[in-house]
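Top to bottom, those sequences are chains E and G.
Taken in order, the first sequence gives residues 1 to 322; the numbers are from the numbering used here.
Taken in order, the second sequence gives residues 1 to 322; the numbers are from the numbering used here.
Do not rely on the hints blindly, as some may be mistaken.
As the list claims (entries may be wrong) - Heads up, simulated DSS-like pairs for lysine-lysine below, C-alpha to C-alpha not over 27 Å straight-line:
1) G/K33 <-> G/K45
2) G/K133 <-> E/K65
3) G/K33 <-> E/K169
4) G/K285 <-> E/K133
Claimed, not checked - Computed footprint of chain E on chain G; a stretch qualifies when at least three of its residues, placed anywhere within it, have a C-beta under 8 Å from a C-beta of chain E:
5) 27-40
6) 64-74
7) 116-123
I should point out that these hints are in silico values taken from the structure, not numbers from a laboratory.
Please read all numbers here as calculations on a predicted model, not as lab measurements.
We put the beta carbon where it would ideally sit given N, CA and C, even for glycine.
There are 2 protein chains.
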Amino acid sequence: MSTVTFFTPVQEDIQEVEAFMRRQADDAHPEMKAALAHLLAAGGKRIRPTLVLLTGKMLGAPHDKLVTLAAAIELLHTATLVHDDLIDGSLLRRGNPTLNAQWSPAATVLTGDFTFARAAKLAADTDNLELMKLFAETLATIVNGELTQLFASKGFVSRENYFERIYAKTGSLIKMCSQSAAMISPTGPETLAAMENYGYHLGLAFQIVDDILDFTGDQSEIGKPVGSDLLQGLITLPALNYIETHPDDPDVACLLGGNALLEPERAERLVQSIRASQAIDLSLKEARQFIDQAIGYLAGMPAGIEKQALEELARYTVSRRF
Amino acid sequence: MSTVTFFTPVQEDIQEVEAFMRRQADDAHPEMKAALAHLLAAGGKRIRPTLVLLTGKMLGAPHDKLVTLAAAIELLHTATLVHDDLIDGSLLRRGNPTLNAQWSPAATVLTGDFTFARAAKLAADTDNLELMKLFAETLATIVNGELTQLFASKGFVSRENYFERIYAKTGSLIKMCSQSAAMISPTGPETLAAMENYGYHLGLAFQIVDDILDFTGDQSEIGKPVGSDLLQGLITLPALNYIETHPDDPDVACLLGGNALLEPERAERLVQSIRASQAIDLSLKEARQFIDQAIGYLAGMPAGIEKQALEELARYTVSRRF
Numbered sequence: 001m002s003t004v005t006f007f008t009p010v011q012e013d014i015q016e017v018e019a020f021m022r023r024q025a026d027d028a029h030p031e032m033k034a035a036l037a038h039l040l041a042a043g044g045k046r047i048r049p050t051l052v053l054l055t056g057k058m059l060g061a062p063h064d065k066l067v068t069l070a071a072a073i074e075l076l077h078t079a080t081l082v083h084d085d086l087i088d089g090s091l092l093r094r095g096n097p098t099l100n101a102q103w104s105p106a107a108t109v110l111t112g113d114f115t116f117a118r119a120a121k122l123a124a125d126t127d128n129l130e131l132m133k134l135f136a137e138t139l140a141t142i143v144n145g146e147l148t149q150l151f152a153s154k155g156f157v158s159r160e161n162y163f164e165r166i167y168a169k170t171g172s173l174i175k176m177c178s179q180s181a182a183m184i185s186p187t188g189p190e191t192l193a194a195m196e197n198y199g200y201h202l203g204l205a206f207q208i209v210d211d212i213l214d215f216t217g218d219q220s221e222i223g224k225p226v227g228s229d230l231l232q233g234l235i236t237l238p239a240l241n242y243i244e245t246h247p248d249d250p251d252v253a254c255l256l257g258g259n260a261l262l263e264p265e266r267a268e269r270l271v272q273s274i275r276a277s278q279a280i281d282l283s284l285k286e287a288r289q290f291i292d293q294a295i296g297y298l299a300g301m302p303a304g305i306e307k308q309a310l311e312e313l314a315r316y317t318v319s320r321r322f
Numbered sequence: 001m002s003t004v005t006f007f008t009p010v011q012e013d014i015q016e017v018e019a020f021m022r023r024q025a026d027d028a029h030p031e032m033k034a035a036l037a038h039l040l041a042a043g044g045k046r047i048r049p050t051l052v053l054l055t056g057k058m059l060g061a062p063h064d065k066l067v068t069l070a071a072a073i074e075l076l077h078t079a080t081l082v083h084d085d086l087i088d089g090s091l092l093r094r095g096n097p098t099l100n101a102q103w104s105p106a107a108t109v110l111t112g113d114f115t116f117a118r119a120a121k122l123a124a125d126t127d128n129l130e131l132m133k134l135f136a137e138t139l140a141t142i143v144n145g146e147l148t149q150l151f152a153s154k155g156f157v158s159r160e161n162y163f164e165r166i167y168a169k170t171g172s173l174i175k176m177c178s179q180s181a182a183m184i185s186p187t188g189p190e191t192l193a194a195m196e197n198y199g200y201h202l203g204l205a206f207q208i209v210d211d212i213l214d215f216t217g218d219q220s221e222i223g224k225p226v227g228s229d230l231l232q233g234l235i236t237l238p239a240l241n242y243i244e245t246h247p248d249d250p251d252v253a254c255l256l257g258g259n260a261l262l263e264p265e266r267a268e269r270l271v272q273s274i275r276a277s278q279a280i281d282l283s284l285k286e287a288r289q290f291i292d293q294a295i296g297y298l299a300g301m302p303a304g305i306e307k308q309a310l311e312e313l314a315r316y317t318v319s320r321r322f
């Protein structure tokens, strides 16, 4: 194994992106500035800006535009998290208090809106109209996905619905990272399509692994009960795989019978059944297939440390905490 | 007086804008589609799209881009109202139930976000990067203004603060209407600057008149108590003018003494004092001065029905319900 991690080639650029994001509320109300600082200090792995930077550096994108784009995407991501946490009433994210845990809903809504506005301005500053359209479309996809989930009847979903949902929730923005970085690079339509496909497959794998971790993760580490998705009536890939392979399990029959939400006892038993079953490995195998496809799209890319890092980033996605 | 109103030259275009806005949720979740239809059916005078269309037609902007731009701005306006009503807990707007009166806060936040996303996409569809930047900056200005008002200590504000506030709240978007329509027209920097100035002055006058109507309007017509701004501790131009001309009024002294919010009895007496004073006429005079300036900026514009309508629109702004 290489000791180089996928962050290595962009370590300094990421610092620049951080500083750039922080400055976005400099001319705003002091409370807004404090809120943005709080949000950014809470961190996150900065996978999205890393993906933008690696792709753009590999393809020769101008440095300043690349930093601007990386900040735009991370701020868009941050804005959606602010409104998400408000909607879910979540009080913690990554172990830190959410904005809505400390602020009024009004201030939280407005901080999210302001962060959207800043993200849109930075996206426009890359001077690329197609990128701007992609930015707006991605935001619409994410929000429409959230609303669909909000109104979805709980319980059984099809595989098709599941993939639509995870594309909207996670895949669309991760796809946008590599796609938009390619858009501001001096490159042709084939490379552009390949990097769009790389991000698309990476994004789906990323969310599948999150959904697996919801079953297999350590409760203290993921900060919510094991199987919390299913306990809340949200059917993800491990559950789908279990349902398909265990049609005779009475708890599955109960789900398929159209019970919107299983009784707690039944739901917890089903979580344990899924954990102990092949459904986890099956799901992981599907995620790995997406990652293999993602890496395949890198084949024609310029060799170098960034390409290597993009391969590592893809592999990391399916090796998280297993 | 001409029987032609300022809507006449754009009557058909406005219908096109309406239809275009409605289609923006066609590929979204049915609930989102219903929400947007509800919001658009609630109407409003469509002053902003009218202003976009009149300016663009006067200056020879391409028809399709103009309709797209008008829809983008009205949707941006609609999105800010959705979040505003949620924040204020308003249950009625223009006599119709607000979205938050019928929907959960979660669905309301997401509908606002979706409407922002669609507005941004349409703005990008005008294929003008400067316009896109202006769009994002205007959104940031509006939202930052709302947050500033949210955190502002109630009570006395300076004239300077007042004008900053009404620019953020209303002026910035109305300015954007005429400015952005000029941006997509085949025209030079002088015309662009003149139409920016026209919109800027029009926008300030528009909000001043709203603030006057809060004192002079019929309670049943404006749908809130007379003087509601002051009763809630919000100092607008009529109050500022009264304070400047009546420093010895004990209620004014109480305000100036730093009482965040006057006791109800005192506040209601002050509302009546302002209504009966010259402060109303003084404020109206200021609004009229802005309108005269706005009309002055039309001097070099191509003669025709649109220019005439833009003059009428400006005059209408200060003649509303007096």
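Against the structure, the hints:
Straight-line distance between C-alpha atoms of G/K33 and G/K45 comes to about 22 Å, which keeps the hinted pair within the 27 Å bound. For the hint pairing G/K133 with E/K65, the CA-to-CA distance comes to about 15 Å; that is within 27 Å, so the pair holds. Restraint check: the Cα-Cα separation between G/K33 and E/K169 comes to about 19 Å, which is no more than 27 Å; the hinted pair holds. Of the supplied pair hints, the one linking G/K285 and E/K133 is violated, its CA atoms being roughly 44 Å apart against a limit of 27 Å.
With a cut-off of 8 Å between beta carbons, the segment 27-40 of chain G has 4 residues touching chain E; three or more are needed, and the interface restraint holds. As drawn, the segment 64-74 of chain G meets chain E at 0 residues by the rule of a beta-carbon pair under 8 Å; below three, the given contact is violated. With 6 residues having a Cβ less than 8 Å from any Cβ of chain E, the segment 116-123 of chain G passes the three-residue criterion, so the hint holds.
The structure shown violates the earlier hints numbered 4 and 6.
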